[in-house]
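Chains as they are written, first to last, in my numbering: chain A, 71 to 235; chain B, 6 to 407.
Hints were generated in silico from the structure; no laboratory data involved.
Because the structure is a prediction, the values reported are computed rather than measured.
Be aware that one or more of the hints could be misleading.
[Claimed, not checked] According to the in silico footprint, chain A covers these stretches of chain B (three or more CB under 8 Å from chain A):
| # | region |
| --- | --- |
| 1 | 81 to 87 |
| 2 | 144 to 153 |
| 3 | 156 to 170 |
| 4 | 323 to 330 |
Ideal Cβ positions, reconstructed from N, Cα and C, are used throughout, including at glycine.
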Amino acid sequence: MRVRVEQTPLPGIGVRHDLVTSSGRTVGVVSHRNGRRDLVLYDVDDPDACLASIPLTDGEAEALADVLGASLMLGQLAGLRQQAAGLLTEQIALPAGSPFVGRRLGDTRARTRTRASIVAVLRDREVIASPGPAFLFEANDVVVAVGTREGLDGVTAILAGDTDG
Amino acid sequence: MHHTTVLLIEIGALLFGLGMLGRAGRRFGLSPIPLYLLAGLAFGQGGLVPLSASKEFIAIGAQIGVILLLVMLGLEYSADELVGNLRSAAPAGVIDMLLNALPGALFALLLGWDLKAALVLAGITWVSSSGVIAKVLGDLGRLGNRETPVILSVLVIEDLAMALYLPIVTAVLANVGLVGGFSTLGVAVVTVVAVLVVAIRYGGTISRLMSVKDPEALLLSVLGLTLFVAGVAAELQVSEAVGAFLVGIALSGPVAHHATQMLSPLRDLFAAVFFVFFGLSTDPADVPPVLLPALGLAVLTMLTKVATGYLAARRAGTALPGRLRAGLALTPRGEFSVVIAGLAVASGVQPRLAPLATAYVLITVVSGPMLARLPDYAWFKKLVRRRMAAQRSTAEPVPTVE
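Turn these sequences into a full structure, and let the hints steer you where they fit.
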């Protein structure tokens with residue numbers, strides 16, 4: 071589902087963008103006209119008030135945006151920006167309790183079972199491209215997979231250990 | 006000693022003293038405005054040390070100060086913002102005017118003053134200080150809050166309303182009579198509307214005329230244009246403050262941004278001179294007798310401002326804590342009230358008005374930011390939460406809608 075970002079003008083100051091997360095918290099960015107921007111987090115008890123207002127420099131905002139938008143960047147890196155209809159790229163975090171932590175990629179038999187491919191793994195801000203079947207998973211790995219919607223959901227389920235394999 | 010040397014010594018000592026005062030004030034989180042007013046009271050007639058040689062310089066500096074205060078205010082807004090805001094926030098603006106201008110007017114009549122003085126006092130109690138409030142909101146980290154756009158739009162409406170109010174007061178104080186007053190008002194309305202239309206349609210063209218690449222030329226052209234238009238506006242009895250405000254609105258985009266950066270230090274300098282000048286023209290001996298009425302007026306109009314913010318925030322769908330925050334944030338009066346009082350003083354209306362306005366602004370500008378902080382205290386939050394819980398239990402159970 072597309073996330074709805076609300077925009078509110080702040081006369082004389084700038085503009086505020088905010089969105090409500092699926093967990094019910096509100097996060098926003100106040101962009102000042104002079105180029106300054108603050109990341110604002112709202113109070114749970116009093117959703118009208120912001121709990122914290124964190125000024126970000128240009129560099130900090132860019133770095134944060136990069137981290138948050140890593141999936142987009144990866145899509146570009148792999149050159150797989152949905153060239154074919156129905157083909158999707160997705161990042162799937164290896165859950166902490168995944169049965170595949172410490173096991174080989176080949177053990178998941180993901181491609182055979184879902185017809186979706188694992189094309190890269192993100193570990194400690196590094197990209198490991200085209201991991202082979204002997205690749206060993208570690209905790210906190212993020213798997214980048216390409217496939218159809220059902221295929222990707224299948225990979226997610228496998229990595230979570232939801233299917234008997 | 007030579008006249009110029011005395012002037013240099015006086016101005017130098019005064020500015021240095023203001024700098025030290027401002028620094029001391031900032032330590033306690035005080036706005037420098039009340040300190041400058043007090044400094045003005047201390048010097049001048051009836052004060053501790055009379056400034057004689059620099060009187061003329063300070064008088065002209067004060068005028069430039071008003072013009073710079075207003076042009077910077079105009080630079081903060083774009084014409085689109087003002088007009089766009091007008092539609093949505095007009096009801097809040099009307100509530101604001103009724104709740105805050107009327108008490109001032111009635112108070113003046115109660116003191117036995119004439120209608121002119123009542124009109125002036127109405128303006129003094131009506132407008133909150135956008136400068137002080139914007140700063141307080143930023144300092145308290147409330148720019149992201151839901152009620153902040155409400156507060157800002159009330160301020161915008163007040164500032165825009167001043168563009169019509171100031172010419173009226175200027176005309177009334179100049180004794181131009183009913184016909185003259187109406188024609189001045191007509192000129193003012195036509196000017197304001199024309200500037201808004203030109204700013205919306207051709208703001209880009211005007212701004213392109215001034216290049217951002219050459220800071221010196223930009224400074225000179227913006228300052229020159231502002232002073233020129235302010236002078237022409239004063240000649241038309243529209244008040245130089247309004248002229249300057251309109252120039253600020255007409256400039257937009259990067260030109261406005263750069264002009265703001267460049268004019269800020271100049272504004273700080275001359276606005277300080279303006280506040281000192283206003284204090285100078287008030288005899289400190291006149292203040293104690295009006296202190297009690299000023300305090301009463303301050304308490305009354307702070308309550309009405311809280312009510313204004315409460316109602317405006319309720320219209321915008323904010324919950325009780327946000328409504329109280331909006332109300333309390335709106336309480337400080339400041340530069341605009343002093344500008345209005347300054348007009349009255351210059352035209353010699355009601356001699357007790359200046360000391361009353363000084364005391365009033367001193368009280369509100371000091372206590373306002375403290376009141377704004379109130380909702381952040383734990384005991385206040387607890388009190389509000391208990392009140393909300395009490396309301397909820399008395400209210401009918403609301404069916405939940407999925």
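Against the structure, the hints come out as follows:
| no. | hint | in the structure |
| --- | --- | --- |
| 1 | 81 to 87 | holds (count 4) |
| 2 | 144 to 153 | holds (count 8) |
| 3 | 156 to 170 | holds (count 4) |
| 4 | 323 to 330 | holds (count 5) |
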